[in-house]
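Below, each chain spelled out in residue letters.
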Amino acid sequence: DQQVKQNSPSLSVQEGRISILNCDYTNSMFDYFLWYKKYPAEGPTFLISISSIKDKNEDGRFTVFLNKSAKHLSLHIVPSQPGDSAVYFCAASPNSGNTPLVFGKGTRLSVIA
Amino acid sequence: GAVVSQHPSRVICKSGTSVKIECRSLDFQATTMFWYRQFPKQSLMLMATSNEGSKATYEQGVEKDKFLINHASLTLSTLTVTSAHPEDSSFYICSARGGGYSNQPQHFGDGTRLSIL
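Residue numbers (the numbering used here), protein chains in the order written: chain A, 1 to 113; chain B, 1001 to 1117.
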């Protein structure tokens, strides 16, 4: 049973517009959430995270929103750039130092110039 | 920022060969390292969690004797695929996280593409 779900396998957005990537989770013990970006044949790169005590965290063009009651988080990228084209993984974990992250299946974002 | 180095980046070898993959944390001490496997167009599948100085914890369905993990120091973990066969061909990625119980992201190496002929 998937605990972290990214229901959209792909997303296309025009350059300059907003990209919104969604993620849902089922485990109520999760309280730390992250987004990673991955290019082909490379390891994932950490983008941004959010703790369950917050509902929004912003870092430059990237903003993550968390809705705990709905068990939903989203990543907003604005303005989108062609270099943002990659696979984005949502990940979650309970607040425990040695617990591995649980990943979604990823969403492939294509930003069209 | 935190850097994790993984080596080699690509391995092509014959069936029956054992392959060792190294994962190093370059600018922080990693009390915990994780090994993942990724099949084409699929998510990252956790294989095992290794803690420095103790035995690795393997996920269900991962053969301990097939995938040997050693985490002998705070900056190095190794994954050895023993007697590799074509079905072991995959993209293997390690990640590391520093110590403590505050929220910290896992940082990933660039992965190792393993191709068994």
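Simulated from the structure, these hints should not be mistaken for lab results. There's no promise every hint is true.
As the list claims (entries may be wrong) - Below are the EDC-like pairs computed for lysine to aspartate or glutamate, each with C-alpha atoms no more than 20 Å apart in a straight line:
| id | chain 1 | residue 1 | chain 2 | residue 2 |
| --- | --- | --- | --- | --- |
| 1 | B | Lys1066 | B | Glu1022 |
| 2 | B | Lys1064 | B | Glu1022 |
| 3 | B | Lys1055 | B | Asp1110 |
| 4 | A | Lys5 | A | Asp24 |
| 5 | B | Lys1020 | A | Asp1 |
| 6 | B | Lys1020 | B | Asp1065 |
| 7 | B | Lys1064 | B | Asp1088 |
| 8 | A | Lys38 | B | Asp1110 |
| 9 | A | Lys54 | A | Asp84 |
| 10 | A | Lys38 | A | Asp84 |
| 11 | A | Lys105 | B | Asp1110 |
| 12 | A | Lys68 | A | Asp31 |
| 13 | B | Lys1064 | B | Glu1052 |
| 14 | A | Lys71 | A | Asp24 |
| 15 | B | Lys1041 | A | Asp1 |
| 16 | B | Lys1041 | A | Glu42 |
| 17 | B | Lys1041 | A | Asp84 |
| 18 | A | Lys56 | A | Glu15 |
| 19 | A | Lys71 | A | Asp55 |
| 20 | B | Lys1014 | B | Glu1059 |
| 21 | A | Lys105 | B | Glu1059 |
Only a predicted model underlies this, so the values are computations on that prediction, with no experimental measurement involved.
For each hint, the structure was consulted:
no.	hint	result
1	B:Lys1066 - B:Glu1022	16 Å, holds
2	B:Lys1064 - B:Glu1022	17 Å, holds
3	B:Lys1055 - B:Asp1110	24 Å, violated
4	A:Lys5 - A:Asp24	5 Å, holds
5	B:Lys1020 - A:Asp1	32 Å, violated
6	B:Lys1020 - B:Asp1065	14 Å, holds
7	B:Lys1064 - B:Asp1088	14 Å, holds
8	A:Lys38 - B:Asp1110	10 Å, holds
9	A:Lys54 - A:Asp84	25 Å, violated
10	A:Lys38 - A:Asp84	10 Å, holds
11	A:Lys105 - B:Asp1110	18 Å, holds
12	A:Lys68 - A:Asp31	9 Å, holds
13	B:Lys1064 - B:Glu1052	17 Å, holds
14	A:Lys71 - A:Asp24	6 Å, holds
15	B:Lys1041 - A:Asp1	18 Å, holds
16	B:Lys1041 - A:Glu42	14 Å, holds
17	B:Lys1041 - A:Asp84	18 Å, holds
18	A:Lys56 - A:Glu15	24 Å, violated
19	A:Lys71 - A:Asp55	11 Å, holds
20	B:Lys1014 - B:Glu1059	27 Å, violated
21	A:Lys105 - B:Glu1059	18 Å, holds
Violation of the numbered hints given earlier is confined to hints 3, 5, 9, 18, 20; the remaining hints are satisfied by the structure.
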